[in-house]
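2 protein chains.
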Amino acid sequence: MSAPRPGGTGRVRMTPDDRREQLLALGVRLLSDRSVEELSIDMLAEEAGISRGLLYHYFGNKQDFHRAVVRKAADDLIRVTAPPEEGEPLERLARSLEAYVDYVVDNYEGYSSLVRGAGSGNADLREIYEEARTVLTDRIFAAEDDRGRLLDALGFHDTPAARLMVRGWSAMTEDVVLAWVRDPAEVGKDELLLMLTGALPGALAGLRLLDS
Amino acid sequence: MSAPRPGGTGRVRMTPDDRREQLLALGVRLLSDRSVEELSIDMLAEEAGISRGLLYHYFGNKQDFHRAVVRKAADDLIRVTAPPEEGEPLERLARSLEAYVDYVVDNYEGYSSLVRGAGSGNADLREIYEEARTVLTDRIFAAEDDRGRLLDALGFHDTPAARLMVRGWSAMTEDVVLAWVRDPAEVGKDELLLMLTGALPGALAGLRLLDS
Numbered sequence: 001m002s003a004p005r006p007g008g009t010g011r012v013r014m015t016p017d018d019r020r021e022q023l024l025a026l027g028v029r030l031l032s033d034r035s036v037e038e039l040s041i042d043m044l045a046e047e048a049g050i051s052r053g054l055l056y057h058y059f060g061n062k063q064d065f066h067r068a069v070v071r072k073a074a075d076d077l078i079r080v081t082a083p084p085e086e087g088e089p090l091e092r093l094a095r096s097l098e099a100y101v102d103y104v105v106d107n108y109e110g111y112s113s114l115v116r117g118a119g120s121g122n123a124d125l126r127e128i129y130e131e132a133r134t135v136l137t138d139r140i141f142a143a144e145d146d147r148g149r150l151l152d153a154l155g156f157h158d159t160p161a162a163r164l165m166v167r168g169w170s171a172m173t174e175d176v177v178l179a180w181v182r183d184p185a186e187v188g189k190d191e192l193l194l195m196l197t198g199a200l201p202g203a204l205a206g207l208r209l210l211d212s
Numbered sequence: 213m214s215a216p217r218p219g220g221t222g223r224v225r226m227t228p229d230d231r232r233e234q235l236l237a238l239g240v241r242l243l244s245d246r247s248v249e250e251l252s253i254d255m256l257a258e259e260a261g262i263s264r265g266l267l268y269h270y271f272g273n274k275q276d277f278h279r280a281v282v283r284k285a286a287d288d289l290i291r292v293t294a295p296p297e298e299g300e301p302l303e304r305l306a307r308s309l310e311a312y313v314d315y316v317v318d319n320y321e322g323y324s325s326l327v328r329g330a331g332s333g334n335a336d337l338r339e340i341y342e343e344a345r346t347v348l349t350d351r352i353f354a355a356e357d358d359r360g361r362l363l364d365a366l367g368f369h370d371t372p373a374a375r376l377m378v379r380g381w382s383a384m385t386e387d388v389v390l391a392w393v394r395d396p397a398e399v400g401k402d403e404l405l406l407m408l409t410g411a412l413p414g415a416l417a418g419l420r421l422l423d424s
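Protein sequences, first through last, are from chains A and B.
Going by my numbering, the first sequence opens with residue 1, and the numbers climb by one from there.
Going by my numbering, the second sequence opens with residue 213, and the numbers climb by one from there.
Pulled out of the complex, with its shape left as it was, chain A reads as follows (with noise of 0.2 angstroms):
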């Protein structure tokens, strides 16, 4: 057991608001080594030196707490893999999966805790978790100002067949990208992330197939 840490005695007095958030953070840090069934109310109260009390104070119950923990994780995601502004479709596709992958790397635990349906006790977590991953995959489709579709750039409609094949590539990309922070055997990340970006045209020539 550590001693105490004071919390929220600084300076400057927080709002509640900023005080939640902040414990939010600290939350969604607890979770890049351990899965979210391994999060409890307890331990953030130790590692933020507050009662327990106060915490069910701010987050209700354990399951509240993991919901907003989890939002919050999946909030950070999405904003860590906005793609860049500029650049041609496929070298921000690149760049935001690259993103992706540091965001795995650094939150492992609780992130692959959450794919692996950790939560499936909790179908609120699922659902968060459903809504991130269709975040990630929607940036495929939408129209950004003059800078064209990705889905155009690379010569495809937006048709039901194409969604289905792009959100087949999102679940590949989940896949190969958990698998390989757990064992890279000789791949490196530049590897990983050309054959990533190469694989989205690739997941969808199929459709080529029903043209022809």
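Rather than coming from a laboratory, the hints here were simulated on the basis of the structure.
Positions of the beta carbon are idealized from the N, C-alpha and C atoms, including for glycine.
It is possible that some hints are incorrect.
Here are the simulated distance ranges between beta carbons [unchecked claim]: (1) 14(A) to 421(B): 35 to 43 angstroms; (2) 184(A) to 390(B): 22 to 30 angstroms; (3) 184(A) to 367(B): 35 to 43 angstroms; (4) 20(A) to 371(B): 43 to 51 angstroms.
If the Cβ cut is set under 7 angstroms, some of the chain A residues that face chain B in the computed set are [unchecked claim]: (5) 60; (6) 149; (7) 175; (8) 188; (9) 191; (10) 195; (11) 198.
We have chain A already, so just place chain B on it with the hints.
Leaving out everything else, chain B in the frame of chain A:
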């Protein structure tokens, strides 16, 4: 409540092993339209028309029962998706994929509950599922007599990078087929099979970028 049906009292007396197999097969059938969590010993007892006590005798506790049923379901999946002996590699892949799609259509509830980690409270279920997926994926690397490996036929070598991407294609396939069963949109089964088959060389295409 349905009336009890005679159990194991047919003309030919079944051995306990046969009886257990028959009960497992019934358990697997019950998974066609319910999740693993929803499958209970009580339900199987009622369907089979035998006592709960006798079922506990065959299967031990609920976790052991779930493990045995999921193991049998995984064995069924591996069996029905065995590629045909004859044909070109991609044709054999397409036939195996078709059997996989049919399996998912017929067993959607139980299969999807397993994929989304319904049994994550039971690490054994996850392991059985992972093992089955490995068997399906490894077929692509398996040398089969003089017919050659699919990987060779596609012009790729067996490298750690190729294994990562084939694994990724398998994750893509699983995700796309589950999404398609939930909502086929306007995509027909033949189109789905063409797209997924074409996506395997497509997913591997990124490997060629590594050599250039």
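Hint compliance check: list the failing hint numbers for this structure, sorted ascending.
Checked against the structure, the hints that fail are numbers 1, 3, 5, 6 and 8, while the rest are satisfied.
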